[in-house]
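Participant: Chains A and B, in that order, give the protein sequences. Residue numbers for the first sequence follow full-length UniProt numbering, so the first one is 1 and each next one is one higher. Residue numbers for the second sequence follow full-length UniProt numbering, so the first one is 1 and each next one is one higher.
Simulated from the structure, these hints should not be mistaken for lab results. The beta-carbon is built from N, C-alpha and C at its ideal position, and this holds for glycine as well. Do not rely on the hints blindly, as some may be mistaken.
Label pairs and their computed distance ranges (CB to CB) [stated by the list, open to error]:
{"id": "1", "chain 1": "B", "residue 1": "D58", "chain 2": "A", "residue 2": "R129", "range": "28 to 34 Å"}
{"id": "2", "chain 1": "A", "residue 1": "R235", "chain 2": "B", "residue 2": "W111", "range": "19 to 25 Å"}
{"id": "3", "chain 1": "B", "residue 1": "G66", "chain 2": "A", "residue 2": "P133", "range": "46 to 52 Å"}
{"id": "4", "chain 1": "A", "residue 1": "W107", "chain 2": "B", "residue 2": "D58", "range": "46 to 52 Å"}
Listed here are the chains, written in short residue letters.
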Amino acid sequence: MAVVAHTVDERLARTRPLDRLLVRPELGSLLGALAVFAFFSVVTDQFLSAGGVSTWLDDSATLGIMAVAVALLMVGGEFDLSAGVMTASTGLVTAILATQLNWNVWWALLASLVFALVVGALNGWLVMRTGLPSFIVTLGTFLALQGLNLGVTKLVTGTVQVSGMRSTEGYASAGFVFASTVNVGGATFQVSVLWWLGFTAVATWLLLRTRLGNWIFAVGGAATSARQVGVPVVRTKVLLFMTTAAAAWLVGGINVLRYTSVQANQGIGQEFFYIIAAVIGGCLLTGGFGSAVGAAVGALIFGMTRQGIVFAGWNNDWFMLFLGVMLLAAVLVNNAFRRRAERVRR
Amino acid sequence: MSTPLLEVREVGKRFGGVIALSDVSTTVNAGEVTCVLGDNGAGKSTLIKILAGAHPHDAGEYLVEGEPVQLSSPREALDRGIATVFQDLAVVPLMSVWRNFFLGSEPRVGWGPLSMIDRGRAREVTRKALADMGIDLRDVEQPVGTLSGGERQCVAIARAVHFGAKVLILDEPTAALGVKQAGVVLRYVAQARDRGLGVVLITHNPHHAYPVGDRFLLLKRGRSLGCHEKRDITLAELTRQMAGGAELEALEHELRQERVVPRPSSPTLETVPAAPAAPPARPGRS
């Protein structure tokens, strides 16, 4: 750094090291994750055992899949409040088709994927068509789906849950793909951890290496500018809403096959955890900046803390306190970055 | 003389009952800068929107390389080699310089859905394109938002030049800039001109227009006050016409009077010794 410093503009040279650090959106969350990991490793015995690791990884995995999808959407400048309840909706569609209409589980999964994509596309289309904030549009979808979940479930089963997946056709193969477990070191690891890692890797590759990724950053950072240079803004954003819905389908499928039943009120309130994990991972609330790896690490912090508090035998209330502090810290760091990058120098 | 790159003949545009522009004629030649000057509301924006294809004109003729056209979208203008750099520059501040440079036209390697942006090439081309314009950015990975206003303007210009523009339309590129930065941008305008592009420079500052311009189109209230070749007009005359000529003199007169009028009616000022340069009109009025 010092070697080249004298050859460039002195103003650039002075700000460079800090800029370098701040362009990595996931850096803050990585440091946070390391701190949490070290803390609970020292404080509790269980945390580092194979069983402990599998517990907090399991807790992080489904949250992480959603956090990564929500992070993509947030980089694209939108929110999806219906993401949480969507994990229940897709699970219910799969379970009702498989248990009540005796569909093969694979066909039921396919149908619920189509359902998810349609709702996602509807979200995106409404947001782009009306120009309303996605916050309010998806709040509407959220409430509508919540009502639909309860209403239809009660109508079909007479209770607030759908169960009996185990006896359906195709359960064994679908269960193997979405909900099998692997024994490592005496502990059982859920296959959802692999889905989480795979999804994060694909999302990162998409965001940083492909044209679509470039467009996602652009539509979130400055939609008008993106449109002026020929980026299909509407198509990109609708695709992002559909991706979020598809991720909710994946999580819904994992849950329904693992627990073999779905509660109609499942997933409610989770949407905020997804957003919080994405923000802790470095996503700006205003869009145009963020990282899939960061969101995955944000989810990991969630899982480690939630289970670490249990291992330590503390009251669970401390988790919310921790969450609040973590979120505020992340927002402050992100905000500092945005001011830095968007600052106008003349 | 060869065919001009762009030519408008008595072009006009109405928005409902409002005549935004009428009877404006000018030409843009390769390797020359045509400046469009005018105050706010003079019709500068309407004219460039016609040239850029954002508004179709509804009177007169618009010729691109001698061929009459009726452009219906900026894309169509772009396909004919007419690139416009609007005031907001169409850059995304949080994205890196090279990502901005290629946004919407990313070079790719690989096949189908697995194709990726050719990042090495994109970075190299960006660095080279900027260097050709005389901008030496050491790091094309830095966000555009960290560049100065002038540098951002230059990135937008370099991008237009790189993507095959024959005509470059610049909307008030120096408006928000300091003196030094404005000078830097004007140098790039000259650079683009020397590379054989036809440049349309919109500005309300004759001091920016005169040094680089070859031709000056003066607009006022949607009408042309005339289109002058550089050899036919001096900076002083250009400034005078732009400011409204006779009107400015009247304004000067008015302002001088206004300074004088309150004086007799203000008791506190009576005690103050009269300024030595008091205008002669004063005694007569009080």
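Participant: Let me make sure I understand: some of the numbered hints might not hold for this structure. Which ones are they, in numerical order?
Facilitator: 4
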